[in-house]
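Please take these sequences and the hints and turn them into a complete structure.
At position 26 of the sequence shown (counting the first as 1) the number is 26 in our numbering, and the numbers step up by one without a gap.
The reader is advised that the hints may include incorrect statements.
DEER-style ranges, computed between Cβ atoms [what the hints assert, rightly or not]: (1) 48 x 2: 15 to 23 Å; (2) 62 x 29: 26 to 34 Å; (3) 8 x 29: 18 to 26 Å; (4) 32 x 68: 12 to 20 Å; (5) 44 x 11: 15 to 23 Å; (6) 44 x 5: 19 to 27 Å.
Calculated from the structure, these hints are not laboratory results. Cβ coordinates follow ideal geometry from the N, Cα and C atoms, glycine included.
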Amino acid sequence: MSEPIEYRPSFAPHVVGRYGARVWDAGLGRFEEQRIDMTCETCAATMRRTCDSGRVREHVQRFGLQHLHRDPLRNPGSGSSSQA
Numbered sequence: 001m002s003e004p005i006e007y008r009p010s011f012a013p014h015v016v017g018r019y020g021a022r023v024w025d026a027g028l029g030r031f032e033e034q035r036i037d038m039t040c041e042t043c044a045a046t047m048r049r050t051c052d053s054g055r056v057r058e059h060v061q062r063f064g065l066q067h068l069h070r071d072p073l074r075n076p077g078s079g080s081s082s083q084a
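Written out as structure tokens, the structure reads:
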């Protein structure tokens, strides 16, 4: 087995996802499931999923959205609303 691949979303660098390379199973005629281990280094939450679509980074990004640990009222410049 090869080294796990590590991915950290740019908007949540404290969230790390680790997963193996995508492997084609000729007997089944499709890719094998990839196990994804996700961890939030701020609150120590963990989550494990499997993915067979190849969209592993999307799973890690969704986990990252749940673990932003930011208060939007303390950082008013980060919002998407514009005032004219």
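Verification of the supplied hints:
no., hint, verdict
1, 48 x 2: 15 to 23 Å, "holds, 19 Å"
2, 62 x 29: 26 to 34 Å, "holds, 28 Å"
3, 8 x 29: 18 to 26 Å, "violated, 33 Å"
4, 32 x 68: 12 to 20 Å, "violated, 32 Å"
5, 44 x 11: 15 to 23 Å, "holds, 20 Å"
6, 44 x 5: 19 to 27 Å, "holds, 22 Å"
Consistency note: the structure conflicts with the earlier hints numbered 3, 4.
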